[in-house]
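Could you put the whole structure together from the sequences, leaning on the hints where they help?
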Amino acid sequence: MKEYLKIERDQEWRDQLRKKIKNKERTTQERVSMTSLDPMERIKYQDREVNLGLNMEQAQREASRCMDCVNPTCIEGCPVSINIPKFIKNIERGEVLEAAKTLKETSALPAVCGRVCPQEKQCEAQCFYTLKLKKEPVAIGYLERFAADFEQQSGAVSVPETAPKKQVKVAAIGSGPASLSFAGDMIKLGYDVTVFEALHEVGGVLKYGIPEFRLPNHVVDVELESLAKMGVKFERNFIVGRTASFDDLKAEGYQAFFVASGAGLPRFMNIPGENYNGILSSNEYLTRVNLMNAAKEEFDTPVLKGQNVAVIGGGNTAMDSVRTAKRLGAERAMIIYRRSREEMPARVEEVLHAEEEGIEFLNLNNPVEYFADENGRVSKMRVQRMELGEPDASGRRRPVVVEGSEYDIPVDVVVVAIGVSPNPLVPSELPELKVSRWGTIEVDPETMQSSKPELFAGGDIVRGGATVILAMGDGRKAAAGMHKYLSQKNETAAN
Amino acid sequence: MYQIVQKEQFSENVVKLVVHAPRIARSRKPGHFIILRIDEKGERIPLTIAEANIEAGTITLVVQNVGVSSKRLCAMNVGDQILDLVGPLGKATHISEVGTVLACGGGVGIAPLLPIVEGFKKAGNRVVTVLAARTKELIILEKEIRQWSDEVIIMTDDGSYGTKGLVTQGAEEIIKREKVDECVTIGPAVMMKFVALLTQKYEIPTQASLNAIMVDGTGMCGACRASVGGQTKFTCIDGPEFNAHQIDFDELILRLGGYKAEEKQAWERANS
Chain A
1 MKEYLKIERD QEWRDQLRKK IKNKERTTQE RVSMTSLDPM ERIKYQDREV
51 NLGLNMEQAQ REASRCMDCV NPTCIEGCPV SINIPKFIKN IERGEVLEAA
101 KTLKETSALP AVCGRVCPQE KQCEAQCFYT LKLKKEPVAI GYLERFAADF
151 EQQSGAVSVP ETAPKKQVKV AAIGSGPASL SFAGDMIKLG YDVTVFEALH
201 EVGGVLKYGI PEFRLPNHVV DVELESLAKM GVKFERNFIV GRTASFDDLK
251 AEGYQAFFVA SGAGLPRFMN IPGENYNGIL SSNEYLTRVN LMNAAKEEFD
301 TPVLKGQNVA VIGGGNTAMD SVRTAKRLGA ERAMIIYRRS REEMPARVEE
351 VLHAEEEGIE FLNLNNPVEY FADENGRVSK MRVQRMELGE PDASGRRRPV
401 VVEGSEYDIP VDVVVVAIGV SPNPLVPSEL PELKVSRWGT IEVDPETMQS
451 SKPELFAGGD IVRGGATVIL AMGDGRKAAA GMHKYLSQKN ETAAN
Chain B
1 MYQIVQKEQF SENVVKLVVH APRIARSRKP GHFIILRIDE KGERIPLTIA
51 EANIEAGTIT LVVQNVGVSS KRLCAMNVGD QILDLVGPLG KATHISEVGT
101 VLACGGGVGI APLLPIVEGF KKAGNRVVTV LAARTKELII LEKEIRQWSD
151 EVIIMTDDGS YGTKGLVTQG AEEIIKREKV DECVTIGPAV MMKFVALLTQ
201 KYEIPTQASL NAIMVDGTGM CGACRASVGG QTKFTCIDGP EFNAHQIDFD
251 ELILRLGGYK AEEKQAWERA NS
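So the protein lines, in turn, are chains A and B.
In terms of the UniProt record's numbering, the numbers along the first sequence are unbroken and rise by one, the last being 495.
In terms of the UniProt record's numbering, the numbers along the second sequence are unbroken and rise by one, the last being 272.
Treat the hints as calculated values from the structure; they're not laboratory data.
Predicted, not measured: the structure shown is a model, and the values here were computed from it.
Don't take every hint at face value.
Stated by the list, open to error - Within a straight-line C-alpha distance of at most 35 Å, the following computed DSBU-like cross-link-like pairs (lysine-lysine) qualify:
| hint | chain 1 | residue 1 | chain 2 | residue 2 |
| --- | --- | --- | --- | --- |
| 1 | B | K41 | B | K260 |
| 2 | A | K169 | B | K91 |
| 3 | B | K29 | A | K452 |
| 4 | B | K71 | A | K305 |
| 5 | A | K452 | B | K233 |
| 6 | B | K164 | A | K296 |
| 7 | A | K296 | A | K44 |
| 8 | B | K29 | A | K132 |
| 9 | A | K44 | B | K91 |
| 10 | A | K380 | A | K44 |
| 11 | A | K296 | B | K260 |
| 12 | A | K305 | B | K29 |
| 13 | B | K233 | A | K434 |
To be verified - Here are the computed distance ranges between Cβ atoms for each label pair:
| hint | chain 1 | residue 1 | chain 2 | residue 2 | range |
| --- | --- | --- | --- | --- | --- |
| 14 | B | N271 | A | L362 | 35 to 43 Å |
| 15 | B | A56 | A | G155 | 44 to 52 Å |
| 16 | A | N375 | B | K136 | 47 to 55 Å |
| 17 | B | I253 | A | T73 | 27 to 35 Å |
| 18 | B | K41 | A | E360 | 29 to 37 Å |
| 19 | A | E342 | B | G230 | 30 to 38 Å |
| 20 | A | K489 | B | A56 | 37 to 45 Å |
| 21 | B | G230 | A | G464 | 54 to 62 Å |
| 22 | B | L197 | A | E390 | 48 to 56 Å |
| 23 | B | A56 | A | E225 | 34 to 42 Å |
| 24 | A | I7 | B | K41 | 17 to 25 Å |
C-beta: ideal position from N, C-alpha, C; glycine also.
See the structure below:
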């Protein structure tokens with residue numbers, strides 16, 4: 001890896017580019033800011049993207065801030081190890097298509113990652129500017145999005161090279177980011193890859209979960225087309241273990257499986273009244289709107305449009321839900337979160353965008369009970385105030401109940417976004433598979449191999465609820481692990 | 001795409017569709033259901049599998065016209081293609097040899113009851129089935145049910161067929177007459193509620209199969225949650241069958257009406 005980075009960095013064009021501008025000049029420039037749609041305008045549309053992206057001039061200027069470090073620590077912060085300086089320097093010299101190619105060397109979904117990755121906690125947190133200069137980091141995420149979008153819009157979408165076909169069939173179960181990343185690497189290695197998806201649409205959480213105002217469907221579709229062009233096959237409406245058993249698929253020639261079926265099981269708080277109508281999981285709410293197009297009249301699936309919508313939770317999914325509620329016409333769209341803004345797991349940008357859009361934040365509040373009208377539809381919620389105590393296991397200050405602080409809030413829709421558990425559907429079909437007491441599949445952290453040798457796993461079914469990019473990192477590791485496993489196995493068989 | 005290969009109109013609002021889905025025909029078991037989507041604009045509709053034919057690669061579904069989506073499905077014809085169909089979903093019915101099984105089916109609930117009756121009969125049980133509906137033409141699949149039942153009792157609300165009365169009357173007659181070891185019931189929630197109350201009185205273990213509102217059917221959305229024994233369960237992955245004596249039927253009935261206003265609007269739009 002180090003070797004490869006050095007060879008790339010020593011290329012003459014990179015050397016020339018470094019000499020072109022003095023480091024001092026690079027570091028005195030301000031970080032670019034992202035232009036976004038006007039908040040009052042954008043809340044009228046569920047499918048208008050909020051962030052508008054950089055233009056060529058902004059991108060090149062931002063790219064010139066990157067110092068092309070000898071030791072690029074940013075890459076260490078990237079779960080899929082994108083050669084960050086190489087793609088950024090390609091932007092600086094105006095070779096944006098080359099930059100896009102660089103992204104695709106290791107990432108199956110650059111246009112997605114450029115939008116939804118928490119770069120502030122990953123590559124940008126490890127940027128020289130952040131670590132050493134104590135300045136705003138290079139906007140790696142914005143630049144990634146710029147390069148990926150540029151390529152998508154150019155019509156000249158490059159298809160990464162693939163090794164000669166091996167005639168070895170492997171299956172990926174689920175079609176979210178872990179699976180797609182796995183499929184991208186395996187197809188490059190020459191395997192015959194089929195992705196099995198339970199829903200009618202491929203993309204997993206990228207399609208049913210993340211709303212279009214944050215990640216437009218067409219952006220995901222271009223990345224899926226790329227994979228299809230490379231030879232990845234997609235089977236929709238197919239639940240491995242149910243529609244056909246693992247043994248059936250083995251008989252059909254599949255030699256190994258990558259289980260990335262996600263953490264699809266929504267959690268509830270188990271408080272009184274939680275099963276009243278109008279109280280639903282963020283998964284249900286977002287699936288209806290994103291996957292089923294329920295907000296559009298010409299589609300059959302309904303969605304509850306509330307006037308007073310409370311969303312429980314402080315993560316990205318909670319932000320997606322509450323901003324969706326606003327777009328569906330809620331007068332009052334509220335976040336109810338038991339800790340303070342400081343502890344919120346949501347990306348800072350999402351919280352800021354939500355605030356701009358008029359979302360109310362009732363932090364340090366926790367629901368304790370729901371009440372309904374005579375038809376069983378939720379009409380109000382009782383919450384109690386919290387205060388912060390000593391730090392807990394997560395390092396965040398523990399919320400403590402303020403006794404006697406209960407009060408009621410009128411609501412007609414409540415969206416519970418307090419996290420998800422692993423989906424038991426696929427693991428339950430493999431009784432001999434080793435799972436933790438939380439239901440996650442246990443794997444070797446290096447190879448992602450499970451207790452069944454031909455079975456690898458990654459993403460939320462292993463982590464229990466994480467990010468797109470960590471899932472993608474797992475997919476890459478599993479591909480490497482499975483490749484090694486199959487090479488050894490098939491070599492032994494040949495001898 | 002999943003082609004409709006056979007269609008039979010059971011009554012004005014109830015249709016039997018035989019659909020080509022070879023993998024599911026092979027892998028389904030009694031109690032399993034599928035989810036289908038007619039076309040791009042369609043809802044995901046959960047339907048229990050009534051029969052399957054492995055050789056022909058088909059599954060049989062029974063659809064009742066109750067809203068915009070089911071109306072569209074009922075209007076489809078032989079040769080038409082259903083865009084999406086996934087399954088089998090849910091837990092299969094726990095079938096074993098227990099002695100005498102009382103099966104109570106109401107309306108279109110008779111369709112999912114059929115493979116369960118077949119399963120219990122094949123497992124060596126004596127099976128007595130009570131079929132109930134509002135009126136004669138809503139008693140469906142009688143011939144098929146008879147094939148796997150030692151005795152069939154028909155009850156209709158209006159007395160147009162069999163005995164006039166409710167399913168519980170027919171069921172209680174059996175319970176008083178002979179020892180019943182287990183009961184299964186599928187039908188409208190209200191019907192299952194009263195069957196459960198009846199068998200609870202006689203302490204007969206009873207399974208009820210719930211027909212909840214669902215979106216994905218794979219555990220993802222939680223729309224189908226029901227209270228069973230004081231705990232929240234997901235009908236799609238924990239069910240669809242539960243211990244009937246522990247189900248909170250009143251909550252279930254309220255939850256089934258959760259989208260009534262939206263459904264009414266859609267109905268009016270579709271028919272305007």
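Verification of the hints:
Distance hint between B:K41 and B:K260 is fulfilled; the C-alpha atoms sit about 19 Å from each other, no more than 35 Å. A distance of roughly 30 Å separates the Cα atoms of A:K169 and B:K91; the hinted pair therefore holds under the 35 Å criterion. This hinted pair checks out: B:K29 and A:K452 have alpha carbons roughly 26 Å apart, not beyond 35 Å. Among the hinted pairs, B:K71 with A:K305 is consistent with the structure: their alpha-carbon atoms are about 24 Å apart, no more than 35 Å.
Under the criterion of a C-alpha separation no larger than 35 Å, the hint pairing A:K452 with B:K233 is consistent with the structure, at around 30 Å. Pair hint B:K164 plus A:K296 does not hold up; C-alpha atoms about 46 Å apart against a cutoff of 35 Å. Only pairs whose Cα atoms come within 35 Å are accepted, and A:K296 paired with A:K44 is accepted, the gap being roughly 13 Å. A C-alpha spacing of about 63 Å is found between B:K29 and A:K132, which places the hinted pair above 35 Å, so the restraint is violated.
Only pairs whose Cα atoms come within 35 Å are accepted, and A:K44 paired with B:K91 is rejected, the gap being roughly 42 Å. A threshold of 35 Å between alpha carbons decides the hint, and for A:K380 with A:K44 the separation of about 26 Å falls inside it, so the pair holds. For the given pair, A:K296 sits about 18 Å from B:K260 by alpha-carbon distance, which is consistent with the 35 Å threshold. Proximity of A:K305 to B:K29 is assessed by CA-CA distance (about 38 Å); at most 35 Å being required, the pair is judged violated.
For a cut-off of 35 Å, the pair hint linking B:K233 to A:K434 stands: about 24 Å separates their Cα positions. Distance hint check: the CB atoms of B:N271 and A:L362 are about 42 Å apart, consistent with the given range 35 to 43 Å. Checked against the hint of 44 to 52 Å, the C-beta distance between B:A56 and A:G155 comes to roughly 47 Å, which is consistent with it. For A:N375 and B:K136, the hinted distance range of 47 to 55 Å is not satisfied, since their beta carbons lie about 34 Å from each other.
Evaluation of the 27 to 35 Å hint for B:I253 and A:T73 yields a failure: the beta carbon distance comes to about 60 Å. For B:K41 and A:E360, the Cβ-Cβ distance of about 34 Å falls inside the hinted range of 29 to 37 Å, so the restraint holds. Between A:E342 and B:G230 the beta carbons are some 37 Å apart, a value that agrees with the proposed interval 30 to 38 Å. At about 39 Å, the beta-carbon gap between A:K489 and B:A56 stays in the expected band of 37 to 45 Å.
A hinted range of 54 to 62 Å is violated for the C-beta pair B:G230 and A:G464, which are about 26 Å apart. Checked against the given bound of 48 to 56 Å, the beta carbons of B:L197 and A:E390, roughly 51 Å apart, stay inside it. Hint check: B:A56 to A:E225, Cβ distance near 36 Å, so the stated range 34 to 42 Å holds. Distance hint check: the CB atoms of A:I7 and B:K41 are about 53 Å apart, inconsistent with the given range 17 to 25 Å.
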